[in-house]
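Q: The primary structure of each chain is shown beneath.
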Amino acid sequence: MAGTMGTPAGAARLAYFTPVREYPPLADRKASVLLAAYGLMVTVLFVFAAPTEAILLGPRPWAVLLMAAILLPLSGLILSGSWFAFRALTRPIPPMPESLAFYPHIAGLSPELYRERVKGLDHDRAVTAMLHYNYSLATLSVEKFRLVERSIGCARATFELWMLLLMLVLLLR
Amino acid sequence: MNVPEPPVEELASPTLPDQVATFRHLDPAAALAFRTPLQEHPPAADTKAAAIITALGIMFTMLAKYGTHLMEMLTGRGLEKFLLTALFFAFSVMAVLSLLQAFRTISPRFPRSSPSLAFFGDIARLSREEYVGRVRSISHEQALEEILIYNHNLATICVEKFRHLGKGVRLFRWAFGSWLLLMVLLNLKVLF
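Those sequence lines, one after another, are chains A and B.
According to this note's numbering, the first sequence is numbered sequentially starting from 60.
According to this note's numbering, the second sequence is numbered sequentially starting from 12.
Since the hints were derived computationally from the structure, they do not count as laboratory data.
This one's a predicted model, so the numbers in the text were calculated from it and none came from an experiment.
Yeah, the Cβ is synthetic: ideal placement off N, Cα and C, and Gly gets one too.
Among the clues, some could well be false.
[Claimed, not checked] Stretch by stretch, here's where chain B covers chain A in the computed footprint (C-beta under 8 Å, at least three residues): (1) 70-81; (2) 93-107; (3) 116-124.
Required output: the full structure, derived from the provided sequences and hints.
A: Laid out in structure tokens, this is it:
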């Protein structure tokens, strides 16, 4: 179906209603939850800092080795998992060609110039502005979710080691 | 702006659920202006700023756990004392500045501009009757004008928020680096 403009109405409808906007905030929420989970696990570890320290400074070398073998990868996993989640959270929108749908480009114009530019648009350019925005948001979502997935992978391994460490602390103290 | 009346058969034709009934006769400026995706950016900046504040809270709590050892090392002697003092100072300054930027990101801001019937503050300044009356009597051209003012204001707010957030994130990275080194040194001191 072609509308009264150069751009087919179907293209315009898809451009304006493509559901890409909700995915970056969704990835942000997941990254925040992951950061909170890492924070909780670290806080609980700190509650058991005194018995852990006692085991590490204790007379049993096998227990020291066992604890170190868990603590070192655990620290690495917590750090890398938090880093992935933090990077997912702070990833900026990829650059896009000049688009009147993107806030820095709008704010870069004076109110008068913005008004003039928008009023001078034809459907082709208006739809193209939307498509550039959609594309950048889609690529941003992919980048964010890739980092969130990595962080989730680290969180799974972290959780297993964390449980193991807590059990060992309870058994060996 | 004079928009020609659509033929009756077009008005009677079915529309799909996502389709605005007037779409075929909507001018391109209005199509983009009324659907410019701006609303999601301020909450996104706030979420990230909140994460920085939470992370700093956890980092301070964990550092406080080592308070005694930290004081011992800070009042100690030699290289250890200077290294610890430099790291602790760097962490404190970066963390406080990052916290400040995070709060500046979250703080509500309403830049001065022409009033717009799309902005809640300007709507609330009118009485209910006045608001309903003004919107009901508005022309297409005036409605477009109102939304353009609103879009420009919100875009300016977004740029301002993300500017503070960007600074906050950079400072947080430095604060995190200093904190990590501090924690490693403190743990080494505790263990050996």
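Q: All the hints need checking, so say for each whether the structure fits it.
A: Quick rundown of the hints versus the structure:
Here the region 70-81 of chain A counts 6 residues with a CB under 8 Å from a CB of chain B, which clears the bar of 3, and the coverage holds. Check on the region 93-107 of chain A: 6 of its residues sit with their Cβ under 8 Å from a Cβ of chain B, so the three-residue criterion for coverage holds. Coverage of the region 116-124 of chain A by chain B is violated in this model, with 1 residues showing a Cβ closer than 8 Å to a Cβ of that chain against a need of three.
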